[in-house]
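Modelling step: build the complete structure from the supplied sequences, incorporating the hints.
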Amino acid sequence: MNTIEVNNLTKKFGKFTAVDKVSFTVKQGEIFGFLGANGAGKSTTIRMLIGILEPTFGDALVGGFSIKNEPDLVKKNIGYMSQKFSLYNDLTVAENIRFFAGVYGLDGKKYEERKKWVLKVANLEHMENVITGSLPGGIKQRLALGTAVIHEPKIVFLDEPTSGVDPISRRNFWDLINELSEGGTTILVTTHYLDEAEFCNDIILINAGKLIAQGNAKALKSNYIKNPILEIESERVVDSLEILEKEKWVGETSIFGNYIHVILNDNKINEGNIIHLLTEENGIKVQRVEKIIPTLEDVFIHLIEKDSKKNVQ
Amino acid sequence: MFNRIFAIAKKETRQLKRDTRMLFIVFFFPVVLLAIFGYAINFDVHHIKIAVYDQDRSEYTRDFINGLISSEYFDLVTNIDDDKEIKKLLDEKIVQAVVVFPKDLSRKLLSKQEVKIQFLVDGVDGNSASVIQNYVNAATYSYSIELTKEYLAVNGKNMYVPIDLQPRFWFNPDLQSTRFLIPGLMGMILIITAVISISLSIVREKERGTIEQINVSPLSSIEFILGKTVPYIVISLINAGIVLLAGYILFGIVTKGNILLLLLGTFAFLFAALSLGVFISTISDSQQVAFQAANVTSLLPSLILSGFIFPIESMPVAIQVLTNITPAKFFIVILRAILLRGAGISAFWDQLVYLGIFGLIFIMLATLVDKKSKNK
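Just so you know, the protein sequences line up as chains Y and E, in that order.
Position 200 (the first sequence) corresponds to 200 in my numbering; numbering is contiguous.
Position 248 (the second sequence) corresponds to 248 in my numbering; numbering is contiguous.
Heads up, a few of these hints could be off.
[To be verified] Taking lysine to aspartate or glutamate and the EDC-like style, the derived pairs with C-alpha atoms no more than 16 Å apart in a straight line are:
hint	chain 1	residue 1	chain 2	residue 2
1	E	Lys372	Y	Glu54
2	E	Lys10	Y	Asp90
3	E	Lys371	Y	Glu54
4	Y	Lys84	E	Asp164
5	E	Lys17	Y	Asp90
6	Y	Lys285	Y	Asp202
7	E	Lys206	Y	Asp90
Honestly, the hints are just simulated from the structure, not real lab data.
Since the model is a prediction, treat every value here as computed from it, not as a measurement.
Take a look at the structure:
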């Protein structure tokens, strides 16, 4: 069953098209990853899906409600947490929970039960009278997610929820996301951490407002890059890159720290050719050349470069 | 719906309790204003310091001076013997006025000639100077009449004064300026609690991004704004009470009119002021901008253009039109009618209508701007 169905969703700001005829579907209980560079149109899409920005045209059904015609019903049935920390820093933990419970009309036993749950997931039991602003970032993020789903929505939108949070907190946060998903909640999450994308059941990638790839992590890696990828570890990374880029059989190159990733155009080329080129012809010492399975990063760089070239033409 | 409004109001109150800066603005600032306007700004002219240059030194000049200083309006600071001192005394602001009696005053009076007394007034403060002139005119006039009476009595005749003007000042019998200022002060103080605090409180949510979380919740804008304004309405009413109480205790001003009408007027005013505040919050992105905007559109006009201090009738027509940008203008008319005259609703219903129109215009503008910004 699809809980989110997006059809040709488009948003124009004046002449600029921020989101261009994007369509996709999200199944119930899925963790759906929404990837793209900053300014690619992720936030604009989410803002339309949660009913606070009107689409220029196209529509989407969220939990069965049209974002165009029934934004108020959409709002009632979703949870949303944004990259900007959205709790009141000058209220205590308990006061924040009380407030959002009040906004969603929770009271009595239900309220007590949910409050307990939020405190538990945020690891803030016995700390409910602490001023929220004084909490560490990771805890705040979990509290924000807890309060965002205090009314137990079936669909949750997370807009870069882990940006600016340390790796361990990010891990804890993803445990919480998995927990929600196992409980049947559908989660749409935007991120630019590609390791996080690996946790998602399904991923879409947008660039310049257009959807350019879709599938799970495995499918993306095997469907979009057919040519072999070599990882090269050499002494002079930048020089090596320049030399490699001159060769006809080199498709795309990118630098990952001390390594270079090269997508080959020609299947006949192997590790030996690379070593020959760099060491014998140019005197650069090569530590290692290895054929690798592409990472999501390789896939996305490949796709975005391909798309950008197309846009220029 | 009421639960949701209540949730917002409660949250707002809690935040306010922790926000010392805001508490200062809404509670302490009014008290300071009250003290400043009640005591420091006083347009009544009392205890004018005068010096006397008496070249005649007669019974007449002593009588004349005694007449002046026996009222509370004049204090005799010094007697001088040289006209060179006059300039020094006025220059250094030791005195505000100097009375100069000519040498031959008593001789002329005895021979029934007209006498001229010179009265030099420091004209820098035009308002005080003209008040001093009026006092001295009246004192001189009555002393003149006394002398005439004496003269006629000596000759066995009674003096006949055909017209005796008996002015009586209604609503403010002692012509105290505080009575006139208190209603304006109340308008100004409520402008601060209403326009400034509501706009700051909404813009703060924008600035900190919390408004986003509100936008995606099922809260409607109306619920949000009502919930936010409730605490400030309560504070405004408390402040209004404080001003009235202070007016009574410190300046003896008793509310003459109906308290319920006063409340009605206050609510109408708060509606107008709060919608201006909401409008300001929609056009500003930071608290700084909102504070400046609130200052320029409400605080300053409520001081200068509302008729609080300067009468609107004596402004140029263009400025008179401009005075409509402050709801305080209408509120002050209502307050003066109720507080000082004890007038009924017939005296100010039109002002209530203006306040209503004012409020609706700004709520509509705010909605328009808000809609536009949502599609950005």
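*Given the proposed pairing of Lys372 of chain E with Glu54 of chain Y, does the C-alpha separation stay at or below 16 Å?*
The given pair, whose Cα atoms are some 11 Å apart, holds under the 16 Å limit.
*Holds or violated: are the alpha carbons of Lys10 of chain E and Asp90 of chain Y at most 16 Å from each other?*
OK: Lys10 of chain E and Asp90 of chain Y at ~13 Å, within 16 Å.
*Pair hint outcome, Lys285 of chain Y versus Asp202 of chain Y [Cα-Cα no greater than 16 Å]*: violated, 41 Å
*Given the proposed pairing of Lys17 of chain E with Asp90 of chain Y, does the C-alpha separation stay at or below 16 Å?*
holds, 10 Å
*Within 16 Å, alpha carbon to alpha carbon, are Lys84 of chain Y and Asp164 of chain E?*
violated, 78 Å
*Is Lys206 of chain E within 16 Å of Asp90 of chain Y, Cα to Cα?*
holds, 15 Å
*Taking only the CA atoms, is the gap from Lys371 of chain E to Glu54 of chain Y under or equal to 16 Å?*
Given that 16 Å is the threshold and the Cα spacing comes to 10 Å, the pair holds.
Checked against the numbered hints above, the structure breaks hints 4, 6 and satisfies the rest.
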